[in-house]
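Here's the letter readout for the chains.
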Amino acid sequence: MMNHKDCFKALARHVEDTDIVLPVYSSAFEWLDLQPRKLNYTAHGAMGLASSHGLGLALGRPDKRVIVLDGDGSLLMNLGTLVTTAAVAPKNFFHFVCENGTYEANGGHPTPNRGNVAFASLAKAAGYKNVYEFSDIKNFEQQIGAVLSETGPVFVHLKIERCGPQERDYNRLHGVEARQNFKDALDAS
Amino acid sequence: MPVSASSEGAGTKKKLSGLSIIKEIKASGIEFVISVPDITTSEGLLRPLAAETEPRLIRICKEDEGVGICAGLAHSKKRALLLIQQTGMLDSINALRGVAVEYSLPICLMVGLLEKEPDLRPRESKRYGVRIVEPILDAMGIAYHEIEDDSDLPKIRPAIDEAYKNSKPVVLLIGRRPS
Chain A
13 MMNHKDCFKA
23 LARHVEDTDI
33 VLPVYSSAFE
43 WLDLQPRKLN
53 YTAHGAMGLA
63 SSHGLGLALG
73 RPDKRVIVLD
83 GDGSLLMNLG
93 TLVTTAAVAP
103 KNFFHFVCEN
113 GTYEANGGHP
123 TPNRGNVAFA
133 SLAKAAGYKN
143 VYEFSDIKNF
153 EQQIGAVLSE
163 TGPVFVHLKI
173 ERCGPQERDY
183 NRLHGVEARQ
193 NFKDALDAS
Chain B
1006 MPVSASSEGA
1016 GTKKKLSGLS
1026 IIKEIKASGI
1036 EFVISVPDIT
1046 TSEGLLRPLA
1056 AETEPRLIRI
1066 CKEDEGVGIC
1076 AGLAHSKKRA
1086 LLLIQQTGML
1096 DSINALRGVA
1106 VEYSLPICLM
1116 VGLLEKEPDL
1126 RPRESKRYGV
1136 RIVEPILDAM
1146 GIAYHEIEDD
1156 SDLPKIRPAI
1166 DEAYKNSKPV
1176 VLLIGRRPS
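Chains as they are written, first to last, in my numbering: chain A, 13 to 201; chain B, 1006 to 1184.
If you are wondering where the hints come from, they were derived from the structure by calculation, not from laboratory data.
Nothing here was measured: the structure is a model prediction, and the numbers come from that model.
Note that beta-carbon positions come from the ideal geometry of N, C-alpha and C, so glycine has one too.
Where hints are given, some of them may not hold.
Over 10 Å on every C-beta distance to chain A, these chain B residues come out as not near it, computed from the model [unchecked claim]:
{"no.": "1", "residue": "1028"}
{"no.": "2", "residue": "1126"}
{"no.": "3", "residue": "1129"}
{"no.": "4", "residue": "1140"}
{"no.": "5", "residue": "1155"}
{"no.": "6", "residue": "1169"}
Reference listing, derived: stretches of chain B covered by chain A, where coverage requires no fewer than 3 residues with Cβ under 8 Å from a Cβ of chain A [said to hold, decoys possible]:
{"no.": "7", "region": "1075-1086"}
{"no.": "8", "region": "1090-1103"}
Given these sequences and hints, build the entire structure.
As structure tokens, this is what we get:
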């Protein structure tokens, strides 16, 4: 089991300024604190849809690497996205799911069948060819650079601890300013 | 927000050409069609679209995925059309609420009206699942147009252009099976 922050710090070392990153809920607040970058896309409008927004961006901007930092609860709301993405097979698409077994932003309730869902296997069965699973931070630190240089679509299952209490100002994720800043940054890049 | 109703009265012998709809879709600059199959538009529209290389057809598992995909494409300056059935649109109301309406994004939908009786306005349908569609769009403040026969084809391109110009969603309601 990895610490959320340690995991994202390791990931951040390999994320380039030109990459589009789509973090959700708890991951979004962790990521924004660590990496308040211009091409963070945090306004997804409805739970579960980050990977679908990411697929649209990957299709529309094949010149850019698109990195989705999904949650387990979010992915469970949109499992079909794995099949759709495997079929479209965008080379620039990287889908991470952070499994903590909890709807952290909705009261800390457990996800269905917590601890028994093999997300990497689901992705593999949906047609993803490149699938990884990490529960040890040292392994993750050693391999994440190579994982991000793979040809997409790539799916990465991260087993993480719960974030714990967070200050969740949702305006930071989908307020008018956040959306406009991303739009301006994407238009300019 | 009924921007336009069907332009002809009942009783005339009408048809709706799928190839003419595709011509309008292409003329609107649509580069991607995102779709879950719908029986109203299956043969006359989706199948001929699938046989072409442009616009690119992306088959999805569930309609709300398409709302997200269209949003990502809109941010990338690519025009897309979400081709689905009204049942899928009803299933995607929260995505449309959040992504299309609250974020004010140009999400363009072409929606086949399953079980709508030809020559009846959608809100006059005997089918509950049909007659609730326009009042729901009214409640959400989403513009829509009835596409009932070939005389309605000229509505398609301006509706899509308007959606992208004003960054607002629009729904094109297909009221009979295109031939």
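Consistency of the hints with the structure:
no.: 1; hint: 1028; result: holds (23 Å)
no.: 2; hint: 1126; result: holds (30 Å)
no.: 3; hint: 1129; result: holds (32 Å)
no.: 4; hint: 1140; result: holds (22 Å)
no.: 5; hint: 1155; result: holds (32 Å)
no.: 6; hint: 1169; result: holds (14 Å)
no.: 7; hint: 1075-1086; result: holds (count 10)
no.: 8; hint: 1090-1103; result: holds (count 4)
Going down the numbered hints, you'll see the structure goes against none, and every one checks out.
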